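Q: With the hints as extra help, turn the sequences into a complete structure.
Chain by chain, the residues run as shown.
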Amino acid sequence: MTTPPRWNGPFDPASSDRGLASDRGLASDRGLASDRGLASDRGPVSDRGLASDRGLASGRGPASDRGLASDRGLVSDRGPVSDRGLASDRGPASDRGLVSDRGLASDRGPVSDRGLAALSGAARVPVSRVPVSRRPDEASPRTAAGKGQGKGRRGPADPVRALMHRHHDLCARAVDPLEIAAGLEAHGVTDRTAARFRHRDVFSLAEELYARVPRAEEPAPPAAPAPGRAPVVRLTLAALWLLPGALCAATASAAFRVDAIRKDATVGLGLGAGGAALTLIALWLCLRRGPLRVRGSGRGGRLAHAFGTGWLLGYAAAGDWLLTGLLDGRRPYDAAPAAEAAVLLALAAAPAAWCARWFAVRARRRLAVSRGLEEFAAGVRPLFASVVAAFLCALAALVPTARLTVPGPPPAAAPLSTAEAAVVALCGLLFLARLLAVHGFRRAALSGLAVACAVQAAALATAAAARLPGAAPLGEPMARLTAAQGAAAVPVAACGAAALVLLIHAFGALCRASAHGDPGARTARTARDTRTTRTAPDRAP
Amino acid sequence: MRVGLLTEGGYPYATGDARVWCDRLVRGLAQHEFEVYALSRGPGQEGAGWGELPRHVGRVCTAPLWGEPEPRRGGWGGRRQRRRFAEHFGELAAGISAPYGSGAPHGSGVVQDSGAPQGSGAPQGSGAPGCSTDQADRFAYGLHGLADLAGEYGGLSAALRSEDAVRTLERACRTLGAPHGAQRARAADLLAVTEALERALRPLSLDWYGDGAGGDPGLSGVDLCHAATGGAAVLPGLLAKRRFGTPLLLTEYGVRLRECYLAGPAGAAGAAGTAGTEGGRPLSGPVRSLLTAFHGRLAAEAYARADLITPGNTHTRRWQERCGADRERLRTVYPGMDAARFAEIGEQGAAPSEGDDRTLVWVGRIEPPKDVIALLHAFAEVRRWQPDARLRIVETRRGEDPEPDGYPAHCRALADHLFPDEAADAHSAGDSPVSFERLGDPEVPTLADAYGAGGVVVLSSVVEGFPVGLVEAMFCGRATVSTDVGAVCEVIGGTGLVVPPRNPRALADACLALLSDAERCARLGAAARARALELFTVEQNVAAFRGIYLELMSHCPVPREEVGEGGGPLPFARPAEAHVPGRWTAGRDGDGFGHRPPGPAASRPAPEHTPTWAGPPPREPLGVGPRPSEEGA
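For the record, the sequence lines run as chains A and B. Heads up: the first sequence at position 375 corresponds to 375 in the working numbering, and the numbers run straight through without jumps. Heads up: the second sequence at position 280 corresponds to 280 in the working numbering, and the numbers run straight through without jumps.
No lab work stands behind these hints, which were simulated from the structure alone. Fair warning: there could be bad hints in the mix.
Stated by the list, open to error - Some chain B residues near chain A, calculated using beta-carbon distances under 8 Å:
(1) Arg82
(2) Arg84
(3) Glu163
(4) His180
(5) Tyr261
(6) Thr292
(7) Arg322
Claimed, not checked - Derived Cβ-Cβ restraints for the label pairs, each shown as a range:
(8) A:Ala385 - B:Arg365: 55 to 63 Å
(9) A:Glu375 - B:Leu550: 39 to 47 Å
(10) A:Pro477 - B:Pro43: 20 to 28 Å
(11) A:Ala385 - B:Glu87: 32 to 40 Å
(12) A:Asp169 - B:Ala413: 27 to 35 Å
Computed from a predicted model, the values in this text were never measured in an experiment. Every residue, glycine too, gets a C-beta built ideally from N, C-alpha and C.
A: Structure follows, in structure tokens:
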């Protein structure tokens, strides 16, 4: 309890908060009174409410002598009312304790009494002379609601209030009166019970409860969703993404070392093929689960994705050699750039997964705290930018690592070659496409891959067509480009342009709230399509 | 006649609710051809497969209401489609973000704080609670607009999950006059709501409505749609009603909206069918606010357009009336139960074997809502006056108690405390007057044996829906003492004693009155059996639906083009007199959908083209059984 306010008279400035409170009570209870249409019925209650209110205000604290005296003087004028006032003094007081326990405003308890008192002041005087015993219905709500009242004691002035306190959580949480009605019925309140609260049915009782109980503040949004696994397990799963890169790097370095020692290509070739197969299997296993898993895509989309990715990887392996061969004539295949590209691609899987996971988690966290869609978008845009930047930085760090595995110049010295730039662009393209597909934009992802494939295929096709008699001018631009920048300029242009387009698209698409839907729904497996079965031969109409 | 049975999470599957009565209905009405259109609620349900279907079920169509939506097909995303979608979904969102249920149709005077113009001319008592006709119309317009859009282009799911939908919803929530709950919706709430809406509206984009090109007729070929539950299952019925004029019958044994309210705070999966699960986390306030408003408006729309609504008991009926169902189109059809199991024991009459007439029987699951504690206290009171009385508590749940310190153990401990073992003399072993048994034990192998083991059956619940145990006791011809909860008064009529809940003394007095008067017991038992056989058998249920089917068919036939032998149209195949100008129900004038103008039927002006003598006869709300008010409780 707070410090007891003194009763200094109705117009004391010190009691202005009470005036406010009574306003509120009036507002909330006017509907009630008019609902029942029984203003005169309300009379005794409100009268008692007034009496008890004064008694309460005066009798609560130690400094109550004046108020109590005046109260007694006032009450004793009325004669029969005095015991009522005193008796009901304790009812609201106990209610009040209950209320303040639950963290409501402490002046909330007597509010309605005051409101009612102010409302039906006119009806107060005549009805107040009605003896107590003439209203037998006062006793019945006590059996249901007013537990703790002694025998022979009067129930609370307002029978609904006891119910209100009993179902406070339900009422404060309810979004509309029907929810309270459903909850009350689940607690065994029937229309007959409602009749004891002077209501026609549960629905109108629920409406009164809804109108009188202040809505609870929505609890703060839950903090970051608790990770489902232990940190050790999560770290292990994250480390698994290093497996393809490690396998690929080991294979490449081993194959080149063996080749250098034995001068015999078959062993190195076999080693390389086996390592490549292992790497692909590891990569496939990683992509099947975790942050880069694409859910619920159809068979056609999956095939198209696989074909596009396969083409791009194939071009990275042998495209430059093929293009140079078509333009300038045949030359021996050099496995070193392809191996370096493969190592870089396999190594890039780990940062891609980590970045995707980080993005998803942070975006979901932001989703939970954002008040609106604009606020969410404004928060996610820098997040996405930083994710892309982090991935590019990781790629830059991986390039020297990849160089270590193949024989060549010392890694730190050389700047980024065109071939390496092509691989980096390819990594970015694949990362963005996968990220888009994971968040549901499969069509956009497929378009990006298709654009890159088409450019590369066109380059190869023009180069091949130029070898036909009379079509040499077709290959002229390609020849000039490769002469100036090297054959790797084609994948750099193709993948880079496609990645740029995808980046711009993703910047719009992935920063929307709809891209970060409910993870609970996403874990559900895809439902089967509509199914129609005939159990009997169809009888034509 | 073809009947399209629309279910959600129920009938053809081996698990789920509303399964048993649908099965009995379909088997009982073998003269009709049934087509089952079922929405499934979860992978577990689909995995469990179907029950056995009778021969006259022509076909079964199923669609999931869970999981990821189907991938988008066809050309969606054109500017025109997107604009139309935004318009219709905006109307729908405006309908559900308006304050719902906070108003008062019964003149309670609670003022809505809505800034939207309310139907000021609408008299009290019309429409759903707090649902002005304006908002209901916007919801209906949006819903049917989306349905048309889905029919034309398909792929509504993708659009409902798009950013457009989320933005539209946000705009609707932020408008002036939206309730406080909706105003506070966060981005995550908006997303959750759109996903739940997408799942709930999936029936709109199904291929159940026929392609119109003479191929698979689907729902356009049925003569009557019977929705076995409320909620998403009525959506196909609403669409068929609007597109083909198929009459719609809605049966609700439990109000779906109420389940939605009860499931909302707990976030229980699947209880609301489509109300979102979020992995079992409780739904936040704004989400609950919007989703319950959606389900409420959907229910109101279904009640407004259904040709006939058959609630299962008065409680359901009250909820339906509260949600805007027209009283004239409500007809209570009590659920049917299998009486054959209890025929033998019921035919014997209340003549239990020697000593049993001093025995009280309680049958059910020992759970807190059943208030076995009060029963034990009441029995202690009974024992004071009738020392040779016994109480048998029969637990119907199979297997052991799930937790050792639960409510059953508590009840047993209390019984041991209150009633120590007693023996007849100093030389025999004692026994407690209260025995706890389990159904399937050698003493009580079947339910009939359990009820037959005593003279008086007691029901002491504090919460009860439709009291199945009470009906079974009535079938057995036993006198009953029950608490006044749920539909008990309605079920028992005047054929048993009813006491207030949570009142052990009153329960004891009633039990004593019956225990000391065997003749009264027998009389009440016989009356109870007669009443149950009249009202709660499977046969009456099936007969009621048979009659309703024929009535609906004859009063609102599906307008179809008559087709001749060669497939050409057949003019004058149906005589002009076939269409009687009178109206069958009062709700079918108004707009083309069967929306009636607000106001009670009596105050509405009669349709102008109908002469007064051809108007609808004054029609009493029919209940299949006698109404409880006539019987007296």
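Q: Is the gap between the beta carbons of A:Ala385 and B:Arg365 within 55 to 63 Å?
A: Because 59 Å falls inside the window, the suggested range holds.
Q: I want to verify a distance hint. Is the separation of the beta carbons of A:Ala385 and B:Glu87 within 32 to 40 Å?
A: For B:Glu87 against A:Ala385, whose Cβ atoms are near 35 Å apart, the range 32 to 40 Å holds.
Q: Does B:His180 pass the interface hint, meaning its C-beta sits closer than 8 Å to a C-beta of chain A?
A: holds (7 Å)
Q: Mind checking the hinted window 39 to 47 Å against the Cβ distance between A:Glu375 and B:Leu550?
A: violated (59 Å)
Q: At a threshold of 8 Å, is the proposed contact between B:Arg82 and chain A supported by beta-carbon distances?
A: It is violated, given that the least Cβ distance between B:Arg82 and chain A is near 14 Å, above 8 Å.
Q: Using the nearest Cβ pair, does B:Arg322 come within less than 8 Å of chain A?
A: holds (6 Å)
Q: In this structure, is the beta-carbon distance linking A:Pro477 and B:Pro43 contained in 20 to 28 Å?
A: Cβ of A:Pro477 to Cβ of B:Pro43: about 56 Å, so the range 20 to 28 Å is violated.
Q: Restraint: B:Glu163 near chain A, CB-CB cut 8 Å. Satisfied or not?
A: holds (4 Å)
Q: Should the hint that B:Arg84 touches chain A count as held when the rule is a Cβ pair under 8 Å?
A: violated (19 Å)
Q: Within 27 to 35 Å or not, the Cβ separation of A:Asp169 and B:Ala413?
A: holds (30 Å)
Q: Does B:Thr292 pass the interface hint, meaning its C-beta sits closer than 8 Å to a C-beta of chain A?
A: holds (6 Å)
Q: For the hint on B:Tyr261, just tell me whether its beta-carbon gets within less than 8 Å of chain A.
A: Hint holds; B:Tyr261 Cβ to chain A Cβ min 4 Å, cut 8 Å.
Consistency note: the structure conflicts with the earlier hints numbered 1, 2, 9, 10.
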